Amino acid sequence: MKNDLYSGIEYMNSGHVGCPGCGGTIAMKLALRALGEKTVLVIPASCWAIMSGNYPQSSLKVPVFNTGFATTAAAASGLRAALDLRGDTETTVVGWAGDGGTFDIGFQALSAAAERGEDFIYVCYDNEAYMNTGVQRSSSTPWGARTMTTPGTNWKRTEKKNIVEIMAAHRIPYAATASIAYPEDLERKIKKAMSIRNGLRFIHIFSSCPTGWGMAPGNSVKVARMAVQSRAFPLYEVEDGLKYTINEAGEKPVKDYLRSQSRFRHLSDEDIGVIQERLDIEYRRLVRRTLAEN
Amino acid sequence: MREVLEGSQAVAEAARLARVKVVSAYPITPQTHIVEELAKFCSDGSLDGKFICVESEHSAMASVIGAQSGGVRSFTASSSHGLALMHEMLHWASAARLPIVMAEVNRALGPGWNLWVDQTDSLAQRDTGWIQLYCADGQEAFDTTILAYRLAEIVNLPVMVVLDAFFLSHTYEPVDIPTQAEVDKYLPPYEPKFLMDTKDAYTLNTVAPPNVYMEMRRSIQMAMEAAPEVYEKIEDEFYEQFGRRYGLAEEYRCEDADTVLVMAGTAASTARVAIDNLREKGEKVGLLRIRMFRPFPVNALRKSLEKAKKVAVLDRNCSFGAGGIFAQELKAALYGSGPNPPKLYSYITGLGGRDVTVDTIGTMYAMTRDREEPASESLWLGLNEEMLKS
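First to last, the protein sequences are chains Z and A. Going left to right, the first sequence walks through residues 768 to 1061 as the numbering used here numbers them. Going left to right, the second sequence walks through residues 11 to 400 as the numbering used here numbers them.
For the record, the hints were derived by calculation from the structure and aren't laboratory data. A hint or two may mislead.
[To be verified] A partial selection of chain Z residues facing chain A, derived with a Cβ cut-off under 7 Å:
1. F832
2. N833
3. G835
4. A876
Just so we're clear, the structure is a prediction, and the values are computed from it rather than from any experiment. Every residue, glycine too, gets a C-beta built ideally from N, C-alpha and C.
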């Protein structure tokens, strides 16, 4: 596979103010390598709204438009229209939001932009809770996780929303999962999304969070890889909402992944068995989808 | 060319002739005709722009903010609950210093559901950093929309053009519509002060810690403070070209008036008739119709009222726990204006579309004339007291 990931051109400088080991910064660095300089970012309230740095500094070399929490997809729609009307169809507009800004507060605007067939890439960098405000549960938080709003014995007992299936159900031309532990796959998916212009393209990047998940910063990429290898976060893509392809998934037990983070520390072996069973069922469903359309 | 147009159509024509590029809106009565008209213009090619059918007013404002930041003139319109839903992004537009223009049709907020005129929706947005201009007829709605773009793009603040529900939005009147060339002569092409440009990358609307935030807010206030003077200058130019002007506030028979009635919107048309009747009976009464509410043009209003002994304010709105909003603002403006400021009488009426008649205005005047001192609170006119007993 031709790979210019390591060409030496970076669009994210050192000096961001993210936590050590932040998966969100790795996601941005990798995505921008693929996106290149003709990119404008629309970022709502999120860790990334502050990580680029305080006025007048920025750690990013591309233009960034910060917008209100719920509005990533709406602001990106307006910006895309403006660029087109000014004759600039070349620049890629990228909405870049966290899981709270995507699964929850920004979902209405995202669904509407998908339905309208807006021409931009929407990236959700997913760290499975509201991390910027100090680790509160979102609808992306997985079953079993403790957060500041699902504390103690009241740990989260509802499933993580399946955002890629929801986006695929809009029959958008491209929806995919990606991981900071699989840079080549991530780059390929960004490039593929750039090559499609007839609608919204959605990329869901698993971005580990040492601060919120309770693990050593040095384990960020390793734990993200374990999520893929244990089917907690399989890598797959969906074309035109129907054609499913699995890119990467393993068969390792999820127990090791869960035991690597303190947010799951309270879970009994029985609870972990429940999670394993559900992941296996979900994975079989995913496999059936790939068979149905191929 | 003179055409017979609805107030809504007059606004849409103005947006078209201002060559807006992006229109983004969500339907709400009684604003809907404005954006329907613009959707038609985008469809038939009479406007070279894109209409974005968003799923909410919050997204409408967010998308015009995105569009304006991409370097094109943009427009939206809303009303009542829609404007309330936009509230967060109204702050965003002004703090991002974007010269967006929107039409806002004054409609009551529910519950109970009510489609009719009431000014509380727009007045509740007074602290959002938007310039607010209140109109009273179709021609003025057209002219004010053109003036709004000119003003917004000089001071870098968004402008809300405010129309009364139905009495203005849905009323057909003759409106003089200039040619595209005439409007182009008055309103030059939009030149953004900053925009999202990959050749010159900036992070817009970034984190502003305490060491810079106050200066950013001060610069908004400075732009607001400059706006009345800028408005008068661009209105002079407008007058030279089109022969019409309105002022920050419009005086009617104020020269020798002992009592001046103050209000905004279409109720002023009724008040003119009432004042003519009162003048025939020898009453020295005039009218001051407030056009610009934000920034509140304190100096102009003080000057207009400097000879008055009594001022009676009609508010088609209520700030619960405080009273009529125009009255509060005017009272604050007159405090310290001179050794003998006029006494200020505050009245609330016409909420939720209830008629403000010539008789209502007559009652308001009589109550003001007959009371030596104003009540400390706003007095409500035209209430059914029986209903309040239960």
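Do the hints match the structure? See the list:
Here the hint on Z:F832 is kept, as its CB sits about 5 Å from the closest CB of chain A, short of 7 Å. Interface restraint check for Z:N833: the shortest CB-CB distance to chain A comes to about 4 Å, inside 7 Å, so the restraint holds. A distance limit of 7 Å between C-beta atoms decides the matter here; for Z:G835 the minimum to chain A is near 6 Å, and the interface restraint holds. A least Cβ separation of about 5 Å between Z:A876 and chain A falls short of the 7 Å threshold, and the interface hint therefore holds.
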